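There are 2 protein chains.
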Amino acid sequence: MDQRTPDLPLYEALAGRVVALVDDGVLRVGMRAPSVRAFAAQHGVSLTTALQAYRLLEDRGVLAARPKSGFYVTSRTHTRRPPPAASQPPQRATQVSVSNPVFSVLAYATDPSYAPLGCAVPSAGLLAAERLDRHLARCARVHGRNYNVYADPHGDAELRGQISERALRLGHAVPPDGVLISNGCTEALNIALSVTTKPGDTVAIESPTYFGLLQVLEAHGLRALELPTDPTSGIDVAALDKALGARRVAACLLASSFSNPLGYRTDDARKAAITKVLTRHGVPLIEDDIYGDISFGADRPRPFAAISPKADIILCSSFSKTIAPGYRIGWLAANRRHDQILAAKFALSLSGAALPQKAMADFLTSGGYDAHLRRIRKLFADNIDRMRRTVDRSFPRDTRMTDPRGGFVLWLELPHGFDADALYARAIRERICFVPGSLFTASGGYRNCLRLSCSHDWSARIERSVERLGELADELLQ
Amino acid sequence: MDQRTPDLPLYEALAGRVVALVDDGVLRVGMRAPSVRAFAAQHGVSLTTALQAYRLLEDRGVLAARPKSGFYVTSRTHTRRPPPAASQPPQRATQVSVSNPVFSVLAYATDPSYAPLGCAVPSAGLLAAERLDRHLARCARVHGRNYNVYADPHGDAELRGQISERALRLGHAVPPDGVLISNGCTEALNIALSVTTKPGDTVAIESPTYFGLLQVLEAHGLRALELPTDPTSGIDVAALDKALGARRVAACLLASSFSNPLGYRTDDARKAAITKVLTRHGVPLIEDDIYGDISFGADRPRPFAAISPKADIILCSSFSKTIAPGYRIGWLAANRRHDQILAAKFALSLSGAALPQKAMADFLTSGGYDAHLRRIRKLFADNIDRMRRTVDRSFPRDTRMTDPRGGFVLWLELPHGFDADALYARAIRERICFVPGSLFTASGGYRNCLRLSCSHDWSARIERSVERLGELADELLQ
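Chains as they are written, first to last, in the working numbering: chain A, 1 to 478; chain B, 1 to 478.
Bound conformation, chain A alone (with noise of 0.2 Å):
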């Protein structure tokens, strides 16, 4: 089953192998890449595309133009920069408490008047905000009275067939009534959680994690047992059976694509070896699938619930990463378990606000959804591309940094002993805002991680501000 997203333009399908190739080894840093005639008549390509193609990966520097030369592969920053080795958390459940540091970050995090490396919240602008709004300003006029009432806690019924009919082209089928519209995936999650364990209960989850996500195993009184986690392939699936092996573990919690903070894609097989483990072990799955459209290869990874239909599975999403956070339109579909987040929701919120569902539905009946997803892919791609040379350039050699697949944020490991406590403290006072590595555990490591957000617009402001933390960062280090 060919998993291209079907309307991708041929030159970024076409830059997405060029692309390969150089992951691969088979274009090497240096090496001249094929002149734009040849790339067009080996693909059968007009010579606009094959341009169009080289000029999509020149912007992402896998290619420089040299003059009258043609483009050679260039200096891939990851080649100089590994990512960080596989986690290697304790082997115990950890009672989270992490809320008020947390608090603290959050508060300058989103204060405009500080440079934003610290929430993982794209600016309005990048998103699909404005049409969306006129969706909801003509829903109000027109639909008003009719959806002034407690809505079906299901939620809207044709957003639920759009989510249905997005879930369907991944190969995930779930009726339109297998579908629970939530306020934001916040919510969806703590309905998950709610549904599947109780407080004292054990949780497994990929560590670093996103410190949201312990916030809610705070606020639900549970226990995290953090799994070794690779950056760049995900979960360990021998030490997941062992961990289940060794105590009562009541979910597990997994990003299904892109996880924040590591950003990596787990394949098919993995997925598939992850549910069957989960379902030898009899622990359901809570998948989190926020950040998968934000995919920067050439398909749109699947979630669990597509490759193992017949599992225990509950997937939570939401657009508040790709059209709008300021609608708070999350959803859950879980196979196995519809009635009981039917009535946890309802126990919870009753039901969402009506019209901002109905406008979601209109904005993806209107048909343009693809078509932005196509222009953030590329701009999130860019960003975390832009990011990742200055860092490269800038922060301390031994830094070690994620090569995200998809998804807006990017993690950095500085050599051992380093504080990223201490060069957020100097950091904000420069205004500067970031979050450190310390609140992606429940457990107390990653003192010499940080994350960086690249989900605003690519700005001088930004770039210096990223050269400025290499600096403090380098002095910390004398």
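Watch out, some of these pointers could steer you wrong.
Remember, identical chains collapse to one label, so a pair may be satisfied in a single copy or spanning two.
[Claimed, not checked] SDA-like, lysine to any residue: derived pairs with alpha carbons at most 25 Å apart:
(1) 276 with 309
(2) 310 with 272
(3) 310 with 267
(4) 198 with 250
(5) 378 with 11
Hints in this document: simulated from the structure, not taken from any laboratory.
Note that this is a predicted model, so its numbers are computed, not measured.
Please arrange chain B on chain A, whose structure you already have, making use of the hints.
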């Protein structure tokens, strides 16, 4: 301190005084009321105003005009139908498990092909939906992009300012920063319970109580201790004191005013006494003020938090019953636990949808809320009066019913042994929906009771449906 709603029209205030005379027995059934001219002179108002007051009393069924003779006090329904006796729930805590029957009732209650005596949700046309929708349309056009971010978890600052200002009018001093916006009152209650209880704990509640609240308790794994409750005056303070002395109770959850389903009003002195008992036992109070603005009296009752500003109280409320159920905008205020509720809100859903909050703020700022409240108070009071008269002439002898002081639900108690579940089954076959009493308790009582909702525009269909329910009840008693 004069708690009269400041902008209540003069004729309504005058009508309220006449009702007080009737209620106190000074004006008795069949007596001739003072002539319009005498009444005007007595109160120093114009003839027009006096006549407006009498017309209002006529609308509400308190007075009846006899041609060429004047106005007479009618036989008010409550003279023939006493309220139910105070409830006597079991003196033990019960693990709550109610969701399945509730969902089955809700499916019918929201189906417009059934006579709408089930859901306590006003029809959109009765509320301020259209004006609010216009505000939302404008907000989406004008402010869209600025609001398409994860909002401050506290919620829209302007909206919090408006809520703070209105609270102050009731003597409840809560600054805008002390208000936390939630996804409706249901999420507010979830947040309040999450910071005061843990699974297995016991929560003291009034009895009978709103089934949605029981569902929330169930979702939190809580036990319900149901308190003896008088349909006219509310919680029995001595019984509360005794109950709290006998076991550990984690929180007490009460309606501030016009409880669903009993509709009673607790006077300020009793509220103070209740809070005092709770404080002595170290039990926090969660108060649900969702119906407080729908007062039939001349004033709007004060919440517990206004009367006992130093006690450990979390106030929960929303605009769902007065402006717009579909917008899902509620709020909390907790003098002592603000940081706790903020952290809980953040973990539960990050923040609410931004534009609907902004639209609500604009609506409140534009100043029509009080005029709107006057209109719907009269409307719901009239609905309740008509419903009571219809029940009075249609239901079996010995049927008791409440005389609500606000809100829009009526509670009926039929003779012991009557089976309201059986009545429900028959009524559903005839496309009439109501809620049987058994749903209002976790401990298995109220099988001979039922709740009728008076939240829709009165119509011949509603009247016929109530009459038919009376006939069916008669048949069941044969």
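Now the hints, each set against the structure:
1. 276 with 309: within (11 Å within a copy, 56 Å between copies)
2. 310 with 272: within (11 Å within a copy, 57 Å between copies)
3. 310 with 267: This pair counts as within: shortest intra-copy Cα distance 19 Å, inter-copy 57 Å.
4. 198 with 250: both (8 Å within a copy, 18 Å between copies)
5. 378 with 11: The answer is within: 12 Å in one copy meets 25 Å, while 67 Å across copies does not.
Violation of the numbered hints given earlier is absent; every hint is satisfied by the structure.
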